[in-house]
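**Student:** Using the sequences and the hints given, assemble the complete structure.
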Amino acid sequence: MTSLPRWADTALVPLFSLALSLMVAGLMVLWIGENPFHALGIMLKGAVGTAYGWGYTLYYATNFIFTGLAVAVAIHAGLFNIGAEGQATVGGLGAALVCLSLEWPHWSLALPAAVCGAALFGAAWAAVPAYLQARHGSHIVITTIMFNIIASALLVYLLVNVLRAPGQIALETASFPPGAHLPTAHEILGWMGIGFPKSPPLNISLLLALAGCMLVWVLIWRTRLGYEIRTFGFNESAAIYAGISPFRIVMTTLLISGGLAGLMAINTVMGEAERLLNNAVQGAGFVGIAVALMGRSHPVGILLASVLFGILYQGGAELEFHMPAIDRDMVIFIQALVILFVGALDNMVRFPAERLLAFIARTR
Amino acid sequence: MDYTTLLQLLDSTLRLATPLVFACLAGLYAERSGIFDIGLEGKMLISAFFAAGTAAGTGSVWIGMAAGIAASSSLALLHGVASITFRGNQLVSGIAINFLASGATALIGQNWFRLGGQTPLLDRDSRFSQIELPFADAVSSIPVIGPFYIETLSGHSILVYCALVAVPTTWWLLYRTRFGLRLRAVGENPEAVDVGGISVAFLRYRAMLICGLLCGMGGAYLSTGLAGGFIRDMTAGKGFIALAALIFAKWQPVPALYTCLLFGFLEAASIRFQNLEIAGIAIPVQLMQVLPYILTVILLAGFMGRAVPPRAGGTPYVKER
Chain A
1 MTSLPRWADT ALVPLFSLAL SLMVAGLMVL WIGENPFHAL GIMLKGAVGT
51 AYGWGYTLYY ATNFIFTGLA VAVAIHAGLF NIGAEGQATV GGLGAALVCL
101 SLEWPHWSLA LPAAVCGAAL FGAAWAAVPA YLQARHGSHI VITTIMFNII
151 ASALLVYLLV NVLRAPGQIA LETASFPPGA HLPTAHEILG WMGIGFPKSP
201 PLNISLLLAL AGCMLVWVLI WRTRLGYEIR TFGFNESAAI YAGISPFRIV
251 MTTLLISGGL AGLMAINTVM GEAERLLNNA VQGAGFVGIA VALMGRSHPV
301 GILLASVLFG ILYQGGAELE FHMPAIDRDM VIFIQALVIL FVGALDNMVR
351 FPAERLLAFI ARTR
Chain B
1 MDYTTLLQLL DSTLRLATPL VFACLAGLYA ERSGIFDIGL EGKMLISAFF
51 AAGTAAGTGS VWIGMAAGIA ASSSLALLHG VASITFRGNQ LVSGIAINFL
101 ASGATALIGQ NWFRLGGQTP LLDRDSRFSQ IELPFADAVS SIPVIGPFYI
151 ETLSGHSILV YCALVAVPTT WWLLYRTRFG LRLRAVGENP EAVDVGGISV
201 AFLRYRAMLI CGLLCGMGGA YLSTGLAGGF IRDMTAGKGF IALAALIFAK
251 WQPVPALYTC LLFGFLEAAS IRFQNLEIAG IAIPVQLMQV LPYILTVILL
301 AGFMGRAVPP RAGGTPYVKE R
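Residue numbers (the working numbering), protein chains in the order written: chain A, 1 to 364; chain B, 1 to 321.
Read the hints as simulated data drawn from the structure, not as lab findings. Relax, there's no trap hidden among the hints.
FRET-style restraints, in silico, Cβ to Cβ:
hint, chain 1, residue 1, chain 2, residue 2, range
1, B, Ser-199, A, Ala-113, 52 to 62 Å
2, A, Trp-7, B, Glu-191, 31 to 41 Å
3, A, Tyr-241, B, Ile-158, 53 to 63 Å
4, A, Arg-248, B, Gly-228, 54 to 64 Å
5, A, Trp-31, B, Gly-228, 23 to 33 Å
6, A, Arg-362, B, Leu-181, 36 to 46 Å
7, B, Ile-271, A, Leu-171, 12 to 22 Å
8, A, Leu-357, B, Ser-199, 22 to 32 Å
9, B, Arg-232, A, Ala-170, 12 to 22 Å
A virtual CB, placed ideally from N, CA and C, is assigned to each residue, including glycine.
**Tutor:** Okay, structure coming up:
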């Protein structure tokens with residue numbers, strides 16, 4: 001059977017799968033008793049129609065870029081890091097500890113320190129599953145699932161017993177000092193004399209995420225380590241034959257992956273909430289898997305897929321506001337469909353396309 | 001701790017282990033056939049919802065369970081289509097199924113009942129009633145064993161006994177029948193099965209159907225046996241504990257039962273003793289909750305023998321042309 005040309009495989013197949021998942025979601029909307037096209041209109045208008053909408057869309061996209069990059073780096077080494085959720089949770093702990101430890105004078109000092117804290121904690125949470133995979137061959141998927149759940153329990157324990165601000169009922173730490181406040185889009189664009197609404201949580205972390213995309217691209221395609229990672233991912237025995245240590249590659253890749261996932265906390269914990277909340281990740285780790293698959297593990301693809309999921313999240317929130325019959329769970333439902341069609345049922349689009357291509361080639 | 005407390009603890013152990021046993025055996029069929037299934041959680045959840053929703057509507061707990069099994073089996077088949085027919089990523093499909101169940105149950109629940117995603121509280125007739133085992137009166141006079149029989153073994157819903165029966169049945173099916181031999185073979189070496197003239201895809205689909213059936217029973221038990229209705233995300237990680245139990249039991253049915261009972265006991269103990277102290281050190285309740293996962297990781301680290309998954313697990317089978 002003829003395989004698809006590269007442009008069709010990277011662009012057309014995901015787009016078709018996306019259309020399929022939107023169709024199924026549309027049927028659900030129809031069943032609830034609303035007009036699916038009207039709903040889609042509200043979603044698009046709410047997510048990308050206004051500067052306010054973009055502020056939220058890009059804020060969500062920032063989260064997904066980090067977790068998407070985390071999953072993608074691991075995929076290049078043939079490893080499936082399903083633990084970005086837990087690594088981001090623990091990364092949040094690292095960022096919060098850094099922010100709360102000092103009376104930070106200025107965000108430009110607090111940010112690099114918090115970046116280190118979040119990345120180190122995220123990487124540390126990936127270290128045990130990484131070691132077990134590298135030394136004992138215990139499946140990374142299984143161990144990271146376990147570590148996701150252990151991470152959320154650990155966070156609850158720490159919030160209840162250690163980190164909760166005195167006299168507080170809600171499960172959250174004290175607010176970070178004002179010096180740890182990251183500039184929001186409103187403030188940054190204000191310096192340049194551009195007006196931007198004040199309420200969206202979009203902040204400087206987006207630039208950090210874009211830098212992350214660049215660095216991951218350089219790492220994977222322009223460095224020796226990246227070459228080794230890709231070689232290992234393509235063919236483990238060839239990599240060993242070429243003198244690449246599997247232990248070193250598995251450990252390094254997963255530590256980088258965990259660090260990237262941990263960085264997500266800079267956006268949510270430091271940029272938005274400015275205190276550590278319980279369950280701040282809210283499934284972004286799993287969305288990262290969908291983003292990485294949809295973006296074919298390439299930073300540009302991940303960027304586009306992240307914006308798409310950002311639109312979905314923000315549009316879903318608007319939908320809840322304008323169509324009371326549809327609540328927030330619609331977002332989870334659509335997200336599930338996108339993961340299903342784009343990530344698991346992609347061959348449902350690819351196989352017929354390949355058959356069509358073979359048919360055309362034969363008739364010529 | 002006196003004997004009565006222990007008996008009560010064991011009684012709730014049995015009840016809490018039941019959904020784990022169902023889900024764990026469900027995962028066992030799927031994974032032994034070579035299909036990773038991390039969507040046990042979602043399948044139980046959707047079954048719990050449809051079982052409670054239908055039981056509330058029809059007033060019959062049995063029709064409820066049938067609806068739950070049907071819902072769970074359709075998700076199992078969806079997983080089958082993704083991982084067998086379309087050779088997709090089985091882990092991604094499992095994640096999608098978990099989210100799908102979580103989103104769909106909340107959406108449909110809100111649309112049907114308008115109770116914020118819950119089902120109405122079920123009355124006595126639309127729930128599984130408790131069964132008194134025979135000879136309860138006769139053995140009550142025997143010390144130690146009598147109270148154990150009455151307090152712990154007797155007085156559960158029929159599904160608890162179904163779960164206990166499902167374990168030896170699975171053992172027999174897996175190790176003493178032709179289907180079982182082929183099922184184990186297809187998870188280790190699908191090429192060999194294919195060369196033997198047996199359809200790999202059909203075998204795996206049958207395994208997924210059994211998986212759907214068992215998850216369906218586990219989910220139905222959650223909402224119509226253990227509790228009196230469905231609440232949002234009520235599986236609360238039970239599917240993942242079952243997955244941990246499956247690994248801990250090294251993919252074998254009888255150890256699976258023991259592991260599920262152990263994990264059920266941990267849960268029962270963490271509910272009963274909110275502030276457990278051992279040798280003067282307070283054990284946080286969160287630690288008790290994650291102990292099954294920690295134990296599984298320790299097992300995987302190689303401190304308790306080796307857990308080797310079925311060899312063909314997770315890889316789609318491509319027939320040579």
